[in-house]
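Novice: As a plain string of letters, each chain reads:
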Amino acid sequence: MTLALDHRSDSSLAWRNRLAAWTPRLVLLPTILASVLYVLIFTLWTLWISVSNSTLLPNLTYGGFKHYVALWNHQRWTIAYTNLFVFGSLYVLGSLILGTFLAILIDQRVRGESVWRAIYLYPLAISFVVTGTSWRWILDPSTGIEAMLRNMGFENASFDWIVNRDMAIYCVVIAGMWQASGFAMALILAGLRSVDQDLIKAAQIDGASMARIYRRVVLPSIRPIFVAVLVILLQFAIKTFDLVYALTGGGPGLSTNVPAIYVYDLMFQRGQIGQGAAAAIMILLALAAVLVPYALYMAWRQRREAANG
Amino acid sequence: MADVTLARDFDPLATGGLRRKVRAKTLVYVLLTLFAAFYLIPILIVLLNSFRELPEINRTGFFAIPRSFSVQPWNEALNTFCVVGTCEGIRPFFLNSILMAVPATAISTAIGLVNGYILSMWRFRGSEWLFGFITLGVFLPAQMTLLPWAYILGNAGLTNTITGLVLIHTVQGLSFTTLFCRNYFVNIPDDLIKAARIDGAGFWRIFRRIVLPLSPPIVIVTVIWQFTGIWNDFIYGVIFSSGDKQPITSALIALTAGATSVRYHNVEAAAVLMAAVPPLLVYLFGGKYFMRGLTQGAVK
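Same order as they appear, the protein sequences are chains S and Y.
Using the UniProt record's numbering, the letters of the first sequence map in sequence onto residues 1 to 309.
Using the UniProt record's numbering, the letters of the second sequence map in sequence onto residues 1 to 300.
In short, the hints are calculated from the structure, not lab data.
Fair warning: this is a prediction, and the values are worked out from it, not measured in the lab.
By construction, the Cβ of each residue, glycine as well, lies at the ideal position given by its N, Cα and C atoms.
Heads up, a few of these hints could be off.
[Stated by the list, open to error] Which residues of chain S face chain Y? A few of them, derived with a C-beta cut under 7 Å, are: (1) LEU26; (2) LEU29; (3) GLY63.
[What the hints assert, rightly or not] A short, non-exhaustive set of chain S residues, derived as facing chain Y with CB atoms under 7 Å: (4) LEU44; (5) TRP48; (6) TRP77; (7) PRO141; (8) THR143; (9) VAL263; (10) GLN269; (11) GLY271.
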């Protein structure tokens, strides 16, 4: 560096060097400030509101854990997190199984592979609002499948899940799987292609059937990908808001309420921002319960790989 | 993670006799077609019904062979239909979404590029730690940010403005764009940068001359990811905007799920497609890059 710049005076050179050393930090500063605001201050803010005396308006005096107590005594919250467990487990497992099945189908050296892939994956590109609205029409008895069956002459045909309190949550599962299973397919297919071909050939020469090769050789070797897809889908499930809002609006009654809808409702419809913040903290904890073990698992795997060379 | 470009160099179905092979292949294609129908039918139904006349839809529902054809629903959806008090169809909301998504995508991508460049090639003490901190924003659920944003937008006079939504999506997007760009630039060989520094090139010169020309792939990935994410967002739109300031997603809910006695399903179907088209176009034309963003953004 000095070679190229030695015609300048020493002091100006020192000044330039110092400025150059600080430029990256200065340029990064706005993002650091934005991140401190977004990640740290916003989190502490909501956390504080959740233990304050706030109801309709922010009241920053400390109020203890009364909002959490109220939350867990609220029947609607019980419905919301029970729904999250039902919806979350069916949606995640359903998308994983369907995605794996589709990935294996596409893996059979089929013609037009990219076309099949594009068809299965496109729902991921569109908004949950579009998905929810389309499926609302399909599942609504007056416009969708039930109307079709009755027009075809099945006078007594009935498919009213979406207006049935006991079944509506399964409608959310169907629409959610429609949107996310292609995503599982894409990641799992990428995984299938990364499996060592010699391993498969060896199994084939041993005379193992296709089903057996997948079950015993291919799928076990991409376990990390299943874990990754599982974690991502769980994250989607916990954050689910738009899909339910567009598909059922949380109803009929309270039957498809989920935590994210509950937060929105308390904060912006009912003026209970303290309890809404407490529910938001619960969502954050649920995410942490999924992501922290995953981060530890990844760190453990990396260390093991490093140890094994 | 690699793109899905490798093809199998063996055929998993090539076990057993010829007849078994043919039967298995047929079954595979039958299943592929059935599943394709499952994924395509919802959007096709919406498309077909956007061209049908209303009395016919009211009589038979959405699932019927169309017996009428009319572009009137599209005309109304684009130009004249009344949505939340404005009678110019869904078009103004479509425009709102563009005015929201384009600046927010451009700004967050531009800043993310520079951030990624710094965090990979100008590392300083604590920069790895900062990178980890910035990426935490990726995981923060929207619910945690709603009250603070309401306060900030209110005090800045940005409630119910497109500018407010641009601000939210820019700040929220920085964690993604920084993550994408940093992970991309980290693979550029250090020697290139070292050589440039020895030649006396400064921070911005290296960025302009070396890093930017290498950036198009990651810029495309980032732009696609940001644009579709912001376009499809609903929660910030529905909370922080109302009336004629809403983006298309929340206007769509007001249109299709609002409390009215008469439903205009054909117009609503056309409006739903308008909301779906921009991200679908991005998906169709940027397929490979869409996929790449997906694996990077998701698996992290």
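Novice: Check each numbered hint against the structure and report the violated ones by number, ascending.
Specialist: Those not satisfied are hints 1, 2, 3, 4, 5, 6, 7, 10 and 11.
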